[in-house]
Amino acid sequence: MTDLSHIRNFSIIAHIDHGKSTLADRLIEQCGGLESREMQEQVLDSMELERERGITIKAQTVRLNYHARDGQDYILNLIDTPGHVDFSYEVNRSLAACEGSLLVVDASQGVEAQTLANVYQATDNDHEIVPVLNKIDLPAAEPERIREQIEEVIGIDASEAIPISAKTGQGIEEVLEALVHRLPPPAGDGEAPLKALLVDSWYDAYLGVIVLLRIIDGRLAKGMRVRLMGTDSRHLIEQVGVFTPKLTHVEALNPGEIGYFTASIKDVSETRVGDTVTEDRRPTAAALAGFKPAVSVVFCGLFPVDADDYEDLRESLARLKLNDASFQYEMETSPALGFGFRCGFLGLLHMEIVQQRLEREFNLDLITTAPSVIYRVHLRDGEMLEIHNPVDMPDPTQIERIEEPWIKATILVPDDYLGQVLKLCEERRGTQINLTYAGSRAMVEYRLPLNEVVFDFYDRLKSVSRGYASFDYQLADYQPENLVKMSILVNHEPVDALAMIVHASRAEQRGRALCERLKDLIPRQLFAIAIQAAIGGRIIARETVRALRKDVTAKCYGGDVTRKRKLLEKQKAGKKRMRSFGKVEIPQEAFIAALRTGE
Amino acid sequence: MPASKPTDADDRGFAVYVHWPFCLSKCPYCDFNSHVRDRVDQAAWRLALLAQFDHFAGLLSPRRVDSIFFGGGTPSLMPADTVAAVIDRIAGHWPLERSAEITLEANPTSAEAARFRGYSGAGVNRLSLGVQALHDDDLRRLGRGHDVAEALAALEAAAAVFDRLSFDLIYARPGQTPAAWRAELARAIGLARGHLSLYQLTIERGTAFHGTVPPPDADLAAELYEVTQESCEVAGLPAYEISNHAAKGQESRHNLVYWRYGDYLGLGPGAHGRLMLDGQRRALANLRSPEAWLDAVRGGGDGLDGDVPLDIDDRAAEMLMLGLRLRRGLSTAAFAAEVGRPLEQWLDSDRLRRLSDGGLIEIGEGSLRATAAGRQVLDGVLAELLA
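Heads up: the sequence lines are chains A and G, in that order. With the numbering used here as the guide, the letters of the first sequence map in order to residues 576 to 1174. With the numbering used here as the guide, the letters of the second sequence map in order to residues 16 to 402.
These aren't lab readings, by the way, just hints derived from the structure by calculation. Ideal Cβ placement from N, Cα and C applies to all residues, glycine included. Please note that a few of the clues may not be correct.
[As the list claims (entries may be wrong)] Among the chain A residues that face chain G by a calculated CB cut under 10 angstroms, a handful are:
#	residue
1	ARG1099
2	TYR1132
3	GLU1144
Can you build the whole structure from these sequences, using the hints too?
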């Protein structure tokens, strides 16, 4: 057993691409956690998507054995954190399990919005923060300027920031030394009843649920019967271990240590993140405060392109949910798109990742409806409904007012692109709160309606700033707004899948854009097709797909009819998913394309 | 309506099609089964056509032949004695209707015009000339081996020899305006002897035009089609089929057999047939390659590439696809006889109503027909009816 003074628990805070995963790789390598033949890039990002996009989605952990310059052996536990705003609740629980953080900043790019939010979370958790300036091997690196920037923008002492290059290995030992000497060791009482924080859990096909936890007090060993205090479930411990990063058995976990246990648990919903693990026959007196459960803020409909894939989609969602308790789904039926699911996500990136995992890992071709947020609809009779699907919107005559969620956004952007960024925020109904400068970079804070942000805001921000702006947000409050449900009508019949809730001032523009797009996507047919955008009974935009004027084969004689018949049969098979609107039938592909092209 | 024994309305006729696959050169728009060869063994080809006829004549029940049609390729490159031999063999096996139509397609070159009398002597009584354009530059672009003057001379020569005469034009040619087409068509109508085939240019896969000449714009194509209908109507040459215009009584009997879904026998490479064999309606297709077909038939084979039975769905679809091309539409009695169920039962009544409410089809006494507006978008109408 290692005494507490020889344990350090830390996490790494960094913006995407600032080198967090590479640094973790170097630390693992330096401490001999993996043979070099086992090393691959981004060891901790085990999901294909994480590697590919250079982001961390799930928290990961690794125990490092470090022989320090003082001649002593230390255990350094790294809990890797996701870097994106959508996963801030995961960041928070990782931070709660540590005493300190490495703040990794790219020495050429500087502080980004996301970094800022995570550092504030870390200071909220009383972390000791060690700034690290990465990529100093690059010609564009300006460690001095970035050091100043850290002090100016974040407001922490960066005088002892460690210059490193995770790529070349330069400065890695200094980082390890700083962890030992600058971070406090954990506190804890080995004799007290077991008290541990459930940091994460995921399902493994062989071992059942693997529970990642940080021991606060007491001792966890194989054969012990534990109780999860929040869910009041009891389990017999089968295996206790640590990550090196491979799963490695140990006899017991002691105060200050981070590790895992398995107990033949079948369902991750029994192992809630933030719960307190204690010994069943000698429980701790007080449970830990735990975390607020993650809440979905962005919603959309997911439908299989091929109706035959519905069952597959249902099973895939269930399997995904096993390891991602933060997203939710329920069945939805759409006349235009068939059977599918209404899904809730932590944010846009989370939504995109779930979609991509479904398409990639489960091989499904999906249609996504326009993302929506939760609206609070106050009815005249005093009732309040929370609505995230335009289909559920009550009749306008019953509505007293609608409130929508607003966020506080922080955007860091080089001066050159500031004008464009401000323009974008204004277009999206934003209100400026603050604008400050750190060198040639501006930090601007805006209040924005979330529903304007879920609608391609990231993409637009990236394009107007040529990728240089970084963005972070937190939910602020709800505010009454002039919101309306806009319907799209084809031959005077509503297309449920295209309905959306929008601000009245933006309805006409969005409606016109959607009608125009549909006009181009719907093939001309035997009869003219009216496409309209409407708010209630009021038409705000209209387009017409003109009827075909000529569509007839010039020559059809005895030799041609076989070929023409086969052509017709092929056409027929290709058009099996049609939706009738009065006299015309519209191929479902047109709606899918309308949803895919975005605004 | 019960499936009853054939009535006059169901007299769909029987025809023999003979395909001559050779051309002097391949036209850049043409996707027919045509081939350019340095030399053709005329004796062998004559014998092979006769052999393939004999093979099928032996399998078929007695017929009355309404029409023989020599198409191609360029059948006006056929020796007249080959044409005579084929006609005689058919007439020797089955009674030829007194009014039987025997058509040959010809290119309007002077060389071919010299053979017109020979064909007439062989028994050909109707000539179909591939004039294609009354515009020298366009004729060149279409890869034709004749100019306007030569075509006009060929027309004159043909008129002196044959009672019945038709010629083809292609419209919606690159750069052609409605006004230019109207003028050209007026001239053509003046030259017409009772029958005109007016085809809109289509760009087919596998032709030289494909990918190099853009297909005509849909709205322009519509306008040109409308000009065509209007001009011919006024001139007493109304369309009796999508692309075919005739004075009363001058319709092509041969092609009417196709459009009414009668039986037809195909001879020569790539020719198709629809035959009732052993109580089953069958779709037959000959080997496309001239050499493969010749070898097969010379070796005592049937020369077929495909021979498939047509089920009720296929037959209903084909009958609608062909019959609705005619201005008169399709006989409901004939449909019931072919398919074994009345048309109204076969088709989806909602779709039928949608199309008739929309003014695209008419259900009349004993017939289903596409209106003028419906014929103009017939492919869409068929897709809807057969969906």
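>> Run through the hints listed earlier and report the numbers of any the structure violates, in increasing order.
In response: Per hint list: zero violations.
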